[in-house]
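Please assemble the complex out of the two chains, which come individually in their own frames, going by the hints.
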Amino acid sequence: MTDTHLTPSGSRRLLPIMAAALVLLGLVCFISLLIGAGNIGPADALAVLLGQGSDDARFVVGELRLPRTLVGVVVGATLAISGALLQAVTRNPLAEPGLLGVSAGSAFAVALALALGASAATLKVSVAQIGALLGCLCALGAARLRGVGDDPVRLVLAGAALSSLLIALTSLLLLIDLGTADEIRFWIVGSVAGRSLDHLSEIFPSVLLAGVITVLIARPLAALALGERVAVGLGHRPGLVRLLAVLSVALLVGGATAVAGPIAFVGLVVPFVARSLAGPDIRRTLWLCLPLGPLVVVIADILSRVLVQPSELPLGVLTAMIGAPVLVAVVRARRLPTL
Amino acid sequence: MQSHSSSIQPPGRPVTAQAPAGTWLIRLPANGSLLLDKRALFAVLSLSVLLLGAVVLALCLGTTNYSPAEVIEALLGGGNPMTAFILNELRLPRVVAGILSGAGFALAGCLMQTLARNRLATPGIIGIDNGATAFAIASVVGLVTSLAPPEMALIGAATATALAFGLAGGAGTRGYRFIIAGIGIGALFGAFTQLMLARAHIDVANQAYPWTVGSLNARPENAVLYMAIGLAVGIVAALALARALKVLRFSEPVALGLGVRVNACRYLSLVLAVTLTALAVAVAGPVGLVGLIGPEIARHLSSTRTVPLASSALAGALVMVLADTVGRMMLSPVEVPVGIVTAIVGGPYLLWILLVSPRNTP
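Line order of the protein sequences matches chains A and B. Note that the first sequence ends on residue 338 in numbering that gives the first Met the number 0; no numbers are left out. Note that the second sequence ends on residue 361 in numbering that gives the first Met the number 0; no numbers are left out.
Just chain B, same shape as in the assembly (with noise of 0.2 Å):
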């Protein structure tokens, strides 16, 4: 037997990385590189820019309009004092909240339709958001003292949560039963907070409906700051989990071969998910659907080669401030409120993914 030494020769000309057709690479130093989709980047930017617009519009339209020119103005400190204040005190923490819970709803829902591998999955359907809602009802009311809503909110997404899984039997986030128990742990939390609304003083009560029906109006300061401070977190988080929620979108032996621990995945993104969701209904109310339609949006602008993070939140936080303003311009100066445009634009849209869809298409 004759062992020789054989050395793989490298091929003639030296190997240099190729990036894939549709992606940016971007060499870093000490041998490091980044890989950007094109697609993705260009849905980033024009959602920003498209939000910037919503943005603008929502500050300038209102009961009284303004230019803007004066919103910038006011923005900055100078203007009219009048102006100064509507804009400044009324309508910039309006949009800010907005943008935050709106964000926050579209993040959640990209993470579990990942994690689902299904595109009608939100945190809201599985009863999350009636769940939040009811526990920070119950702070508002008074049944619990010691916790502010916002905290409330978070035990009440988790416990719902927890209870979907648990009666769910098996599956997990996959199977449908998980979506159905979801609907009736939904309308027993609703029925809960009918029940503690009706128990509640006449006052007390008609402090708490605002938080019923989703709304942007007059939003607790502590819940936004919350929120803030939550997104940013959720967004880090979610970034660094995007290169295994990638891999994890093909069947768990390849994500597993392909050395991603699914298990920790899978775990710490229903985390993030139900934490903004709760986070996002502290600020805003149960706004059903922008969970639905802000990945959709995500999902058409880039490519189907990542999973749209960063543009489902742009396009979630657009979808809200837009919503807001249809709803504040719509019937003025009576105000709608946005969880029920919401729900009318994006009731038709969820009925025909449903209906119309093939059937083995998630």
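Chain A on its own, in the form it takes in the complex (with noise of 0.2 Å):
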């Protein structure tokens, strides 16, 4: 994604902090390994990354914390990609999937479905991404109306508004249908605690899709940055970049919520801490939302673990206990960091 030869210096520049913080994130995941609520403590599951160990040890560990830790990394690249995707497309610093209502719409769009007698394992994932599709349309229409897309705050009001309006619909139809309410109750809230790798491919094919698609558009975006005038002078299509960044955002956010629940804040954190180390090429802020969102996610589970033990805290708490700071220090800038 990055042109070697448009900014030399800028590239080398991203690689050491590429390099690190796939580092720390390594060390980040050894660390999830280690540490549970549960009475396996770290010396035992060291024991077992050593190849000994015993075999309650070695299932926590291989069956529960391992693909929790790979669940956590998936969830966390895709929820930081799609951020970073929705603020382009609606510049917008403060626009992130869980604040504008993608992710309410994609939980709400599950709940109705099992409420009208879908079965909980197939559909789930597809049913979750046309939630997040349409919660996506709403956030961009929105956004394109006059007054609210000039207005930051406008939006994620609006946002605020329409995700309320999904969770209280969503709480609504929990009351109605208690065999509904019993079978998400535990997703509902937010969480990678017991996720196996089953749920990792099911969503697969559709993360893989929105790569892809990313890829293709990362130019193209880079480009109506500079204003939409300029990218239709250098020949790229403003209308159908946006609605593909917007197809691409609803199959990451519709896959990570279908795994994992509704999980907000991880889309705001991540992008602004890469926007600020990489700068304002957004391919760049792409490549550095990679290693940085499972970096947020995989410690924010760590901490999850840890501190209500023997219990555990669901992610989404977490989440917003490390991004709502960043949102009042976002805001609390001089200026909003603009796109």
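These are calculated hints, taken from the structure and not from any lab test. Keep in mind the model is a prediction, meaning the values are calculated, not measured. It cannot be assumed that every hint is accurate.
Unchecked claim - The calculated label-pair distances, taken between Cβ atoms and stated as ranges, are: (1) B:R116 <-> A:V231: 33 to 43 Å; (2) B:L238 <-> A:R331: 35 to 45 Å; (3) B:G165 <-> A:L26: 31 to 41 Å; (4) B:N262 <-> A:G238: 44 to 54 Å; (5) A:S53 <-> B:A197: 51 to 61 Å; (6) B:V203 <-> A:E62: 26 to 36 Å; (7) B:V232 <-> A:R228: 28 to 38 Å.
What the hints assert, rightly or not - Covered by chain B, per the in silico footprint, the following chain A stretches (three or more residues, Cβ under 8 Å): (8) 82-94; (9) 168-175; (10) 301-310.
C-beta: ideal position from N, C-alpha, C; glycine also.
Okay, here's the thing in structure tokens:
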């Protein structure tokens, strides 16, 4: 994605940061395998990794913690990239799938589908993605409205309103249909606990497709940041690019929500940090979101296991604790960072 | 230079005060007078009548329906003991709680909107609801044993406000950063609430759950009492501030020039708004959007000349009682919490305001 002949000094700077982030990610994943809420302590887990260890420990590390860590990695990457894309498309540094109601739309779609009689496993992913797509289109439509698009705050407020409406409708649905409520009670809260690799394989095709689309539109998005006229002059088609970006966001957010439930703030925190490290070029930001997103999510997951031992906190709580101060920090800057 | 005592001659006819169009002038003894806006008065009267109707409706409808005659009989102490029990012990406290908390939310919303000059400003949007809830739950789950939930709710609301102010950095209530900071703080407090509920024992957590949702079911007695006192004080204070608030809607130099003590008025209004919200949350939990819908209704009915404080309170009470009745009847016998009903009805309305109204209209 980065053209080496364009800004040689820039790409040289990105590589060390990427490398450092990847090393950090590896370290954090390792720690995630060691720590847990149960009674398999770090020493036992280390023994498993070295080849020995009791059956219990091997089960916990291999069947519970490893898939969980991998799911966390994938969820982190997808949510971070979708956040960066959404911010580029709406030209709003505060745009985030959770805040704008995309995740809530996903969750509501799944709840609705279950209430209408679909079986839990099969349809979940595609339904979640359709819900995310509708939420995205709403967000994009709102952002294009005169007066709302120019004002970052209005868009976030509209997103918050849509989000709370969808959450209320979902609660209503869960009250009406207690069977559905039972099935998705743990999922709706947002967590990577108990997720297996099967879940990952379900969303793999759509996430791959979204990745391909993102790679294709990365360069047009960078041109779009220079303004619509410049982009058109350079031969890109802004409308098509936006639509493809929205499709990508829907696939990514829908996939992440299908696996882990609605999780907010990741798509806000990670692109913010990535942008401050990588600069305004969306391509570099996207590259950097790839290791940073998983980093944030896995750290949040580790904390969720540690803070309320022996039980666990939902991941969404941790991301809110990390993300809300970042939101406040973004707003406190003298000017809202422009894209 | 000639100095002659010039006296300004009064006009030929005696000068009497003329009431502006649309108002009533009531003369008080000792040269006083009271200027009442006709349309505002009409709004207050019609809302009171509607509220009365809603109360009767709420008392009549339910898993068993009663006729108005039976309701009145039971309220006066006679009639079937079973009916009297259901009405006096179950439904009446609920309706009273609804009236008080609805009025509190709406009055606080009206004050906040006047301060912020923005019809979207509600205390809930800046995280006060979540702050009050978080602190109240801290008391319910036993983290804080010395203070009861209503008092904790007050402290929580004050903390959330202070945080929103402090973190927003300048521009005070008028900036948009205040609102975004409030959303962040609300999310943070929500996360803390979840944290506390997760650490608590399952029985305690179940007990605390209604606090998070906004429901008029089985409200703590002392909270309702506090709310009643708070609302009485609040309404008196708000009416005393009404005149200053009316002028405050102009720019600050104009208000100062007209002799209004702007800072004192703003500070007092904010304190009042926060207190009313905290007390209302202690009674009903974080019911969103009443502080938005109530003042909007009041503004439509009342004239733009006044700040519709009394009408907002009445409209808020009306909305709360109606929403609770709908919540009870909708999926009978399952009860939908009043917070969900107001979110479902108020959400689209809020979206409409945000998306459709022209840009510079606050």
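A quick look at each hint next to the structure:
The supplied range of 33 to 43 Å is met by B:R116 and A:V231, whose beta-carbon atoms lie about 40 Å from each other. Distance hint for B:L238 and A:R331: a CB-CB separation of about 37 Å, consistent with the stated range 35 to 45 Å. Our hint of 31 to 41 Å for B:G165 and A:L26 holds, since their Cβ atoms are close to 36 Å apart. A hinted range of 44 to 54 Å for the beta carbons of B:N262 and A:G238 is consistent with their spacing of about 51 Å.
At about 29 Å, the beta-carbon gap between A:S53 and B:A197 misses the expected band of 51 to 61 Å. In this structure, B:V203 and A:E62 meet the distance hint of 26 to 36 Å, their C-beta atoms being roughly 33 Å apart. Checked against the given bound of 28 to 38 Å, the beta carbons of B:V232 and A:R228, roughly 60 Å apart, lie outside it. Taking a C-beta to C-beta cut-off of 8 Å, the stretch 82-94 of chain A contributes 1 residues in contact with chain B, too few for the three needed, and the coverage statement is violated.
Restraint check on the stretch 168-175 of chain A versus chain B: 5 residues with Cβ-Cβ distances below 8 Å, three needed, restraint holds. Beta-carbon proximity to chain B at under 8 Å applies to 3 residues in the stretch 301-310 of chain A; the threshold of 3 is reached and the given coverage holds.
Going through the hint list in order, the structure does not satisfy hints 5, 7 and 8.
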